[in-house]
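Chains as they are written, first to last, in the working numbering: chain A, 1 to 414; chain B, 1 to 499.
Calculated from the structure, these hints are not laboratory results.
What you are looking at is a predicted structure, and each value in this text was computed from that prediction instead of being measured.
You may find that some hints are simply not true.
[Claimed, not checked] SDA-like mimics (lysine to any residue), calculated; alpha carbons at most 25 Å apart, straight line: (1) A:K208 / B:R142; (2) A:K208 / B:L474; (3) A:K208 / B:H138; (4) A:K333 / A:I67; (5) B:K167 / B:R181.
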Amino acid sequence: MAKLTDKMVEGQPDLLADLDAETLATDDLLTEEMLVNMGPQHPSTHGVLRILLRTDGEVVREATPHIGYLHRCAEKIGENVAPFQFIPTTDRLDYLAAMNNNQTFSVAVEQLVGIEVPERAVTIRILMAELNRIASHLVSLGAYGLDMGAFTPFLYAFRERERIMDLFEAACGARLTYSYITIGGVTMDLPDGFTDACREFLEYLEPKIHEYNQLLSYNQIFIKRAGGVGVISAADAIAWGLTGPCLRASGVRWDLRRCMPYEGYEQYDFEVPIGLPQGGEPPVPPGVPQPRVPRGVVVGDCWSRYFVRVIEMYWSVHLVRQALDRLRPGEHKAKLPRSLKLPVGEIYFEGENPRGQLGFLVIGDGSPVPSRVKVRGPSFNNLSITSHVCRDCLLADVPAIVGSIDIVMGEVDR
Amino acid sequence: MAESHTRSAYGTARQAGGGRRSSRRPAALIFFGAVVAVVLFVWALAAAFEYVDGLVVADSHRVAETGEIVRTRFGGPLTTAEIVDYLPERLRFRPVSWLFWPLQFSLVRDAIAVTGLVGFVSVFTMYAIWWERKVAAHIQSRLGPMRVGGWHGWAQSLADKIKLLTKEDLVPAGADRILYRLAPYMAFTPVLLAFVALPFGTYWVLRNLDVALLFVLAMLGIEVIAVIVAGWASNNKWSLYGGMREASQMVAYESPMGLALLVPIMLAGTLNLAAIGDQQQAGFHMWVVFRNPFAAVAFVLYFVAALASCKRAPFDLPEAESELVAGFMTEYSGFRWGVFFFAEYTSMFVVSGLATTLFLGAWYSPLPAGWGEALAGGGVVARAAHGLLFSGPLWFIAKCVALVYVQIWLRWTLPRVRIDQVLYLFVQVLLPLGMVVLLGNTLWVFLVPEDGIVAVVANTLLCTAGVIVAAAFLGVAVVARARRYRLVGSLAVDHLPGA
Chain A
1 MAKLTDKMVE GQPDLLADLD AETLATDDLL TEEMLVNMGP QHPSTHGVLR
51 ILLRTDGEVV REATPHIGYL HRCAEKIGEN VAPFQFIPTT DRLDYLAAMN
101 NNQTFSVAVE QLVGIEVPER AVTIRILMAE LNRIASHLVS LGAYGLDMGA
151 FTPFLYAFRE RERIMDLFEA ACGARLTYSY ITIGGVTMDL PDGFTDACRE
201 FLEYLEPKIH EYNQLLSYNQ IFIKRAGGVG VISAADAIAW GLTGPCLRAS
251 GVRWDLRRCM PYEGYEQYDF EVPIGLPQGG EPPVPPGVPQ PRVPRGVVVG
301 DCWSRYFVRV IEMYWSVHLV RQALDRLRPG EHKAKLPRSL KLPVGEIYFE
351 GENPRGQLGF LVIGDGSPVP SRVKVRGPSF NNLSITSHVC RDCLLADVPA
401 IVGSIDIVMG EVDR
Chain B
1 MAESHTRSAY GTARQAGGGR RSSRRPAALI FFGAVVAVVL FVWALAAAFE
51 YVDGLVVADS HRVAETGEIV RTRFGGPLTT AEIVDYLPER LRFRPVSWLF
101 WPLQFSLVRD AIAVTGLVGF VSVFTMYAIW WERKVAAHIQ SRLGPMRVGG
151 WHGWAQSLAD KIKLLTKEDL VPAGADRILY RLAPYMAFTP VLLAFVALPF
201 GTYWVLRNLD VALLFVLAML GIEVIAVIVA GWASNNKWSL YGGMREASQM
251 VAYESPMGLA LLVPIMLAGT LNLAAIGDQQ QAGFHMWVVF RNPFAAVAFV
301 LYFVAALASC KRAPFDLPEA ESELVAGFMT EYSGFRWGVF FFAEYTSMFV
351 VSGLATTLFL GAWYSPLPAG WGEALAGGGV VARAAHGLLF SGPLWFIAKC
401 VALVYVQIWL RWTLPRVRID QVLYLFVQVL LPLGMVVLLG NTLWVFLVPE
451 DGIVAVVANT LLCTAGVIVA AAFLGVAVVA RARRYRLVGS LAVDHLPGA
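Let the hints inform the model, and build the full structure from the sequences given.
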């Protein structure tokens, strides 16, 4: 007995207090809480996240995320280099959506300086941003299957993503950190044949999304694992500052591309999918089989967050098609001075990234180098709700919940 | 930048669906050659099995039967006269009959049989691992191991084994050293022991136990203890979780498994696996799984429980990668890890063997027995065909491998079930279902006359369903192979080395 009491955690309720002498004598009914480190080298913490679990058997009483293993002083770098030179650093924030990061930062600086971006450049930007959204959601989809123990969808998702990487490589020569979208436009014009290759890819991808639904989304085991697990109410989602698919899955129709349009998103036709209760039919573009939310799903659970991304892929395909139709010959970049002087003043701009709202605060002081760059990473805010949701859940639910929040540690730690 | 760049970056994806490169021809030749070689190999194996089965084992058994009471089939007592006089004569090796002199000692015969078994298990597990990697790769539109050994990485498992043998022998600090070292062998030994009672043919069994089924189940049960011991001895919290999960999972799956296995026992009236197998010899309509609807359900029930007993997906919770790192195997490395791996694949074969023996006609060919008799009495070609189409061990292994394939296929398709769902499924769904099946089977046996119209109709319908399922498998495989460019894109088919 003495051994057990010694091990008890300071400040914990005395487990022995309520038990009578007979039970104490048998010793069998007593369970001990155990602190377990999940990560930073755990296969399903998506990089170097470390979650400290206080567990009672298979039940997780408390999960505390610990971050900082990938801190690279991104914001400090921003205070020491010109905005043009900061673009490659934005690539490395959310490295799965580098195009979107480039775009958001570029728009922030353009709004601060007051740069008019040529129409073709804007269209290419939207094209690239939406392609990258598809790529990012593909990774999220595949990795979520992996978290649930389904290996195969991961490989399928990467097979499709590979072709997006090929397209990006053709456009800018890079496959992960593009630095393609830049202040004033894009670094170089699209190569010949890009439009055809892109259309061909979209033709190929759209039926595949339906295939993933049949393979993974509607799989009974998958629904049992993700449906009704890690439910986040709309109020909670707003209170914790959740954005992107995590917010929309809780039933809040909030998408910056629709609510506070930038880059001419208001001229495009698309719907904002939100989490729906069972039997709900999320809107999809024409010509796509109508998905239906299966039984056992609650608004705001892991399955809704996963499925909002799947539907967003359909709409991104639709957006890319529209952008391709709108592509007209013209300048791909505004004429800018070699050394861009930032005016005195500050700008805070948020763009809709695959993982939520990425915000850049840029303060200019008249010199080419900003005096302050602050990044609002969506993954960071989304991650903050982990300890609230992972309470009294099962051990296997922790990867399910963390995976559905879909974090990228490069952005959390910056 | 324009045209050439474009083509190099994504042009290949567009062209791939079209023409095949001429450099593919040698690969096609190699493939064709390999197919022919495999067919010849299987044929030779079948002939060997047929020869040994028909001339040596069966005859020696028959001779023994005429003399004293002989309970064992392959091993066990045979008199000196039987061995030294009879075998060389049957094998037509009279000039070197002294070579067979040691065979009169049963210890020697057992040693030979055990060596053969261990050899078979080693080769099977090695190739099961290679095969699982290839199947997984093709499911995932990859190619899998392609380099080691030349032809489709056939020596990959061998190389892995050598690598595992040469790795550092590591015992984590704070581990229970004795138990930690013991656990892998505790896992492997019982599974290997199960082969003692697992019949590969009417006379191809090491010890023909009357309680063979019970023995095999007991051995499979002991394997679980090794996992718990490994989880406990590793001094790692994830390993402990894995061990505890295995313990609770075992409590859940054992009872529906036992209930499902009572159905064939009831139909056969014996626990002797060889006897149960012999009752299903008249062709595939005699298989237990087609006997009545309850037996068919019992087969599915048993197979689901068997997946859990082998720790295979979707019940691979003890080593759930995304949750428990590697579960009870987290701290293991090198040869000990390899032994655990061996044990897993061997137990896959054992549970498949049990399913084959009890439900799927054991080692008998699905073809009608009449054909076998006609062929066996024919000329050289007919006898050779008989060897291929009716050889016991070959059919047994083929059926087991097919079931192992189903396990592999499920693993790479399904997500993992949560621990509470596993317990719910087995205790609250499959256990009552097992009881219903057992009750239904009992009533069926008592109420439905064996040659009555009800039994015949049920048997016909189930057989038809079985044939349709088998044909659908083949059909899907053929269609998918033909349309693989459209189905998986060109990436895996054309652009990897060795394709």
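Hints, verified against the model:
1. Pair hint K208 (chain A) plus R142 (chain B) holds up; C-alpha atoms about 17 Å apart against a cutoff of 25 Å.
2. For the hint pairing K208 (chain A) with L474 (chain B), the CA-to-CA distance comes to about 24 Å; that is within 25 Å, so the pair holds.
3. A C-alpha spacing of about 17 Å is found between K208 (chain A) and H138 (chain B), which places the hinted pair at or below 25 Å, so the restraint holds.
4. About 38 Å separates the Cα atoms of K333 (chain A) and I67 (chain A), which puts this hinted pair outside 25 Å; it is violated.
5. Distance restraint check for K167 (chain B) and R181 (chain B): the Cα-Cα separation of roughly 15 Å lies within the 25 Å cut-off, and the hinted pair is therefore satisfied.
Taken one by one, the earlier hints fail for this structure only at number 4.
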